[in-house]
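Participant: These are the residues of each chain, in order.
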Amino acid sequence: MGDFQTALGEYINIYRKQRHISIRALAPGRDTTLSRFLNRGNKVSVQLITDAMRRMGLQYADLAGDFPRFNAPFTTAAENLMAHRYAADSSAITAIADAYLGETATAKGKIAELNRLVFEHIKSVSEAQQMSLLPEATQAAIEEVLADNADWLIYDYLLLRLTVGFLSDTRVARCYLLLKRQMGQMATGYQHYANDAMLQCGIILLTRRLDEQLADFYSDSETAQAKIYNFQDALVFNAVRRMIAGRVGSAVSEETLNEVFAATTTVELPQVEGYLRRLLAAANGEVKGVFL
Amino acid sequence: MKTMGDFFKQIREARHVPLTAVAGVRSPASVSRWENNQIEVTSDIIGDALTPLGVDFGDLTIRHFVADVHDHAWAAIAPETWDRAAVCGLRESFAAQRESGNDTPYTRFVVALLDELIRIHDENAQQLSPHITKLISDYTAGLTSYGSAEGVLIEAAVEFTSAAVSVTWMRPLYDSVMGRPGEATLHLKQRLLAFGGTVANSAALSAEFDIMKQTLAMMATVLATMPDNPIGAYNYHVMARLYDYMQDKTAANRAALVAVINTTKVIYPTGYFASFSQYAIAQGWLTAADFAAAPV
Numbered sequence: 001m002g003d004f005q006t007a008l009g010e011y012i013n014i015y016r017k018q019r020h021i022s023i024r025a026l027a028p029g030r031d032t033t034l035s036r037f038l039n040r041g042n043k044v045s046v047q048l049i050t051d052a053m054r055r056m057g058l059q060y061a062d063l064a065g066d067f068p069r070f071n072a073p074f075t076t077a078a079e080n081l082m083a084h085r086y087a088a089d090s091s092a093i094t095a096i097a098d099a100y101l102g103e104t105a106t107a108k109g110k111i112a113e114l115n116r117l118v119f120e121h122i123k124s125v126s127e128a129q130q131m132s133l134l135p136e137a138t139q140a141a142i143e144e145v146l147a148d149n150a151d152w153l154i155y156d157y158l159l160l161r162l163t164v165g166f167l168s169d170t171r172v173a174r175c176y177l178l179l180k181r182q183m184g185q186m187a188t189g190y191q192h193y194a195n196d197a198m199l200q201c202g203i204i205l206l207t208r209r210l211d212e213q214l215a216d217f218y219s220d221s222e223t224a225q226a227k228i229y230n231f232q233d234a235l236v237f238n239a240v241r242r243m244i245a246g247r248v249g250s251a252v253s254e255e256t257l258n259e260v261f262a263a264t265t266t267v268e269l270p271q272v273e274g275y276l277r278r279l280l281a282a283a284n285g286e287v288k289g290v291f292l
Numbered sequence: 001m002k003t004m005g006d007f008f009k010q011i012r013e014a015r016h017v018p019l020t021a022v023a024g025v026r027s028p029a030s031v032s033r034w035e036n037n038q039i040e041v042t043s044d045i046i047g048d049a050l051t052p053l054g055v056d057f058g059d060l061t062i063r064h065f066v067a068d069v070h071d072h073a074w075a076a077i078a079p080e081t082w083d084r085a086a087v088c089g090l091r092e093s094f095a096a097q098r099e100s101g102n103d104t105p106y107t108r109f110v111v112a113l114l115d116e117l118i119r120i121h122d123e124n125a126q127q128l129s130p131h132i133t134k135l136i137s138d139y140t141a142g143l144t145s146y147g148s149a150e151g152v153l154i155e156a157a158v159e160f161t162s163a164a165v166s167v168t169w170m171r172p173l174y175d176s177v178m179g180r181p182g183e184a185t186l187h188l189k190q191r192l193l194a195f196g197g198t199v200a201n202s203a204a205l206s207a208e209f210d211i212m213k214q215t216l217a218m219m220a221t222v223l224a225t226m227p228d229n230p231i232g233a234y235n236y237h238v239m240a241r242l243y244d245y246m247q248d249k250t251a252a253n254r255a256a257l258v259a260v261i262n263t264t265k266v267i268y269p270t271g272y273f274a275s276f277s278q279y280a281i282a283q284g285w286l287t288a289a290d291f292a293a294a295p296v
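Sequence order for the protein chains is D and P. Read in the working numbering, the first sequence has 122 at position 122, and its numbers run on one by one without any break. Read in the working numbering, the second sequence has 226 at position 226, and its numbers run on one by one without any break.
Chain D with its partners taken away, still in its complex shape (with noise of 0.2 Å):
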């Protein structure tokens, strides 16, 4: 912890140092309190360092964007994850999983235990490119987590949106309603994290050809495209949309997804339209694929 702090204060340092802004402006009075925490990390109260990032336009935000290790160790792997799932890159995938293994191996208390139990299946499934479900037990404690917790927080979002590939149909249908109840409450903020959740939730529910769910699903997506869906993933919200309204029967046929491709084509997409083509196929019930 103290190497974070002074790898933080460092960061917020150069960050002033660039703009030439002297630490007696950033907290009249209190300057030598801060001076230690950008010099050597020394604990401060948050609400200093806050003031003292307002006074120079420095958002938490762009410490969350910015630097890499401001986010919780869950938070960052989890996004690392979802940055490169179209890749189906095992070797990325593993070097993520082993980075928040290795981060946090020291860390107690159940939270800590389930997610390093969901790393290692995360890395295991995507080694062997073999698709598998959690352990029964592990399942349980992750739907007991999402139950428990009537507001949920980032955490809970990204802990379905990474695992619900790998809980059996019944609990993948019972935590969409959870999260569902959700996103009927929640702040703003959350709101691209329960898209990403609930987008996920789509993949798999398609995957594993559940139809009475994937109508529920059709319908809530309609809400969520009205609000502006998280821009980085409009792609995939519309492949899955159109997957789902182009099925006859239990098939899909390429040509619901022609006008996808040919955007994947024209802006050099390899990998999404790898991903996609993989997601067809699964969705036709002729493989069953990873999507992590």
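If you are wondering where the hints come from, they were derived from the structure by calculation, not from laboratory data. Incorrect hints may appear among the rest.
Straight-line C-alpha distance at most 20 Å; calculated SDA-like pairs for lysine to any residue [stated by the list, open to error]: (1) P/LYS265 / D/GLU136; (2) P/LYS189 / P/LEU223; (3) P/LYS189 / D/ASP233; (4) P/LYS249 / P/GLY284; (5) P/LYS265 / P/ALA280; (6) P/LYS265 / D/GLU268; (7) D/LYS17 / P/ARG108.
Keep in mind it's a predicted model, so treat the numbers as computed, not measured.
Fit chain P to the known structure of chain D by using the hints.
Facilitator: Leaving out everything else, chain P in the frame of chain D:
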């Protein structure tokens, strides 16, 4: 009103986590004092200290326990969403900060740019004053990252200066990211691609084709270091196909440009295709017939 301490306690109890599991290097008693708002929350909660609760620092900002700055007001600066009253409000807020002792290069930069953008919109002017251009060039020299507010201000200013100048504002950020492409975050790379798109668009509007080509090369280099990213890929390809068409106005190059803009129907959320295609028509690059005739 719920405090941060109340929030920690509620989550800890919902997750059935004992005080000792949260304490880490602290004493359980000090965690209890946090929860009861008896002591200030300290910086060591940032990072992994709250893992036992499944709390991320982002939760604290989403729930406004830790206040971020003026998140929404900055949107008023973008030309397409310009809101004079909101921009004047921001300007007054920063002027007040300066008067109350926060008179730094950052606050001076913000006030000067807001004043200039208000002048430009009021006078319907097309160009930044030379001293403001110099102010931005001096300010951005050596910056390896932009705060969100700085990014919004600088991208707004790009619209009112030559692309040859604005590419120099992008260069320090580019050098920083590409000097360590394996370490730079995807967020920084996405921001760089968006910035590049703005500069390339400005170069297209002012027919500065050498700068457009140079900017596109930078964007392509960044894109090559990222996993597939639909929005980043679109930002690059639409400008690359526009460049090809402006260099050689063949039917094939025109069709390629139309094809890229058509991808917004599936790459972007609903409604964006209309505004993107209308922009291309308004600039005289394409016509409504191009989109009517397109197969998708």
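Participant: Hey, D/LYS17 versus P/ARG108, does the alpha-carbon distance stay inside 20 Å?
Facilitator: Distance of about 16 Å is within 20 Å: holds.
Participant: Regarding the pair P/LYS265 and D/GLU268, is the alpha-carbon distance no greater than 20 Å?
Facilitator: holds (16 Å)
Participant: Check whether the Cα positions of P/LYS189 and P/LEU223 lie no farther apart than 20 Å.
Facilitator: holds (8 Å)
Participant: Regarding the pair P/LYS249 and P/GLY284, is the alpha-carbon distance no greater than 20 Å?
Facilitator: Holds. P/LYS249 to P/GLY284 sits at ~13 Å (cutoff 20 Å).
Participant: Starting from P/LYS265, check that the Cα of P/ALA280 is at most 20 Å away, please.
Facilitator: holds (15 Å)
Participant: Hinted pair, alpha-carbon criterion (20 Å max): P/LYS189, D/ASP233. Please report holds or violated.
Facilitator: holds (17 Å)
Participant: Given the hinted pair P/LYS265 and D/GLU136, is their alpha-carbon gap at most 20 Å?
Facilitator: violated (42 Å)
In summary, the structure is inconsistent with hint 1 from the numbered list given earlier, while agreeing with all the others.
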